[in-house]
Amino acid sequence: MSLKPKSNWELIKNGMFGENTIFRMAISLCPSIAVTNGMKNGVALGISVVFVQTMVNMTVSLMRKFIHPKIRIPIFMLVIAGYVTIIDLLMATYARPIYKEIGLYIQIIVAFASIFARAEVYASKNKVFSSMCDGLGMGIGFLLAMVVISFFRELLGKGTLFGYPIVSGSPLLIMILPAGGFLAVGLLMGFFNWIDMRFFGGKGASGV
Amino acid sequence: MATEAKAHELIVSVSPHVRGQETVARIMWTVNLSLLPAFIMSVYYFGPLAAFVTGLCILSAVLSEHIYQTSLKKKSTIGDGSAFLTGLLLGLNLPPSVPFYIPIVGSVIAIVITKLLFGGLGYNVFNPALIGRAFLLISFPKLMTIWSEPTAQFVAMDAKTTATPLGVLKEEGLAKLIEIFGDKTDLYMSLLMGSRAGSLGETSAIALLIGAALLLYRGYITWHIPFSFIATVGVMAWAFGGQAGLFTGDPLIHILSGGLILGAFFMATDYVTCPSIRKGQIIFGIGCGAITMMIRLKGGFPEGVMFAILLMNCFAPLIDRGVKSKKFGAVKEQKEQKK
Amino acid sequence: MSKTATFERGIHPKYRKELAAGKSITQANLPQRIVVPVSQHIGAPAKPEVNIGDEVKRGQVIGSTTGFVSSPVHSSISGKVTAIADFPTSVGKMVQSIVIESDGKDEAISFKEHPDYMNLSADEIKTIIKDAGIVGMGGAAFPTNVKLSPPKEKTIDTVIINGAECEPYLTADHRLMVEHPREVVEGLKIIMKSLGVKEGHIGIEENKPDAIKAMESAISGEANIKVWPLEIKYPQGAEKMLIKAVKGREVPSKGLPMDVGVVVQNVGTALAVYEAVRFGKPLLERVVTVTGNGIREPKNMMVRIGTLMSDVIEQCGGLVDGAVKVISGGPMMGFAQWTLDVPVVKGTSGILVLAEDEYVSSDQYSACIRCGSCIDVCPMGLNPSILSIYSEKGFYEDAKANNLFDCFECGSCAYVCPAKRPMVQFIRLAKSQVKP
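Protein chains in written order, with our numbering: chain A, 11 to 218; chain B, 290 to 628; chain C, 3 to 438.
Derived from the structure by calculation, the hints contain no laboratory data.
The hints are all genuine.
Derived SDA-like pairs (lysine to any residue); straight-line CA-CA distance at most 20 Å:
hint	chain 1	residue 1	chain 2	residue 2
1	C	Lys16	B	Gly508
2	B	Lys616	C	Arg11
3	B	Lys363	A	Arg208
4	A	Lys137	A	His78
5	C	Lys422	B	Val301
6	A	Lys137	A	Met68
7	B	Lys613	C	Lys256
8	B	Lys431	A	Leu187
9	B	Lys616	C	Ser255
10	A	Lys168	B	Val394
11	B	Lys616	C	Asp408
12	B	Lys431	A	Ser178
13	C	Lys16	B	Arg315
14	B	Lys616	C	Lys402
15	C	Lys422	B	Gln310
16	B	Lys613	C	Glu399
17	B	Lys615	C	Arg251
18	C	Lys95	B	Leu299
19	A	Lys137	A	Val60
20	C	Lys16	B	Glu311
21	C	Lys283	C	Met120
22	B	Lys568	C	Glu10
Here are some chain B residues pointing at chain C (derived, C-beta under 7 Å):
hint	residue
23	Val303
24	Tyr560
25	Lys615
26	Gly618
All values reported here derive from a predicted model rather than from experimental measurement.
We put the CB at the ideal spot given by N, CA and C, even for glycine.
Please work from the sequences and hints to get the whole structure.
Here you go:
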């Protein structure tokens, strides 16, 4: 990581913008295309990720001194799976309609590269509170990305937001289909790269 | 000695010092010209609205290319005719009666998303006009499948809506299709001349063939893709297209209807998105034909030319990589290696 | 005439041979000063054998060979050596050159004649050819005696004289065949004898009917020599293409003509061989076509080796006002010159001056549109478009994997390219960046 330790606020900001999971790191793209055809789904998944990411980072950081490096990966897996199960069961009980639509993707959070990566590169090496801040930042970054993508997709594809009609006329049906997801993510990523290059002197996404 | 006064400023450049006459612009504008007969037939059959739709496509394609390039401080390449061609092809691929925003949306998608974001002419993976049309078809499935009946009067009329021959064939069978047009000869003649429902430019096979003949004569396209494409469609239609079992289908109906002629001669042959080695082009054409017939016979859409070409566009680089042109002196080398 | 022989693919550029085809070969004026580069050939440069201030005569050796693949240079005038220093040459390099100021007398050393030249042994012929400094005069300038001394394991059964002259504009070989057909045939016979070969061919493009006629009458009575009219197509005169057209054999990739038992010699070389063996004359002069719309009087001239191009151009009336480009050699593979003060060397087949109307700029080029035109014309069956793209993007190893080194830079791809891409430049760049 960087040479100078970052303040907690910087950590959150970094997760939200500088190393935004989807637009900057280009990881966890699968859910960003699959569930962003409506804002409701996108926000629900985003919030779940915020919760799981923060809690995983906290737990991993707490346990970091006791985990043998050779078995760290299964341990992280177990921790993530534990929190995902909590969310899964909670949603299945209290948010039945949404769960029916995105339940699969809630379970797939276990395999999210972004959560796993933060546990590996940050939480397993840093103190509890800064790890939580990092996780929170990353989670919020993901949530923001989901909100932005699903905002455009639902608005253009259905003419609604959270299911409420906003514009009339014939919508661009393609935007709520998978192809539209790729279009939206690609164009937004390009847009944020442009902002970064134009206003912050960046060099664009690393493009890995 | 080298510092002696020179009477002339000499240009130094790498050989060869003479070049052929062909330019990208010349090729593109010739292709545009070759689509003129089809455009005229579209206006003849579907009235001034056809000219409006096609014109709007061309205008918005050229404008969006110009605006994109000038706003990014790049050299505007609208003069090379490729944006014009994309607009024209998109226009000829649209149904006659579409709302005004459909050509605009389609052209912007075709030019900006499909071509310019990938780096401009030469770098696009897919045929821009077809992506534009695919985007529209998926986004506006209803509007994009309202087919008006040809009036053949050069005037705007409240044309009745009807189904395309392929639509009828798919939903109601061959007998019904023949019944609509009178008898079989009438059907063939209507398909050949273009007096049938369909996209603006695809209906008149004869007009398209005139344009294709120009391109073939100038050597801008070769027979490989159109022939293998159409032949595959014909063979598959004959083999699998009949109701009475294998080898009872009517290949001519499948060849003359839909967008096959337009697609095979003008869009599958798009230089950038087709393989550049002739042997590979035959594979490409066969692939296009096979996918077209699979969609027409078994798929959800009545017409499959567009998706067939787009799918095969994905394979073009792979085909080019796998197929090698016959290399001079290579035969002998291989024999020696075997020893 | 029967069906014309040719190779696959190739292009049909505008030939513009009519500018100089009808002009008989004229003797150029005795130059005031000559500049003789010690390296006019492929191989080791010659070593200067004279010092500044020495008096030399015509035909005297002024640079001697330094290796097997090397060739001596001779003075083509009589006079005094005034400088030995680096001077620009027509290929753009600075090369050590010997400058001789003429004394106007044009005295020659005595040449050893062989009236019974057909009785010489193969080795004697090769030695004479080597000492005469004869190199391939079609442009590549490979020492001829080396070509005539193939390794023992290669059996040579055919000699082909290259009279295709497929480069547009050039007519030097054409005029030679029309004016000296007998000498060319004798040269061919000497070459055949030196190789112990029974079969001789002369390949001539069909756009030179008078040359074909002259050669056909010159070979009457020679049972084992045949004249082949070739289809008018560029690059018909490339060695490998010529062998394919005449013998139907394909020189393998990375191979040489001798791998398929063939030696190819240029018309000019055959003539030089004859003159060297019969009259003992070293290679002192050659036919140069001075042509193009940029020159006032297109001519075919017998020019002494070392004469400056500016001298030659002056004798052809000088450049017209719109002249933009001076090329040593033909328009397809020749070298553009930045100065006219470069000498005519053994491999200079022409001086071509292009006027504005003939010149097509390739400064502005666009992305490859993958039209495949270059693939259709590449005589070697390569994929020039992908080679140029690899080179443009710096993937030189990938270019190599696509048979980069089979390319002999004929320029057909660049000629047909609608995007006006400098294909040959890209390919040369890639070639310079990777090892063969």
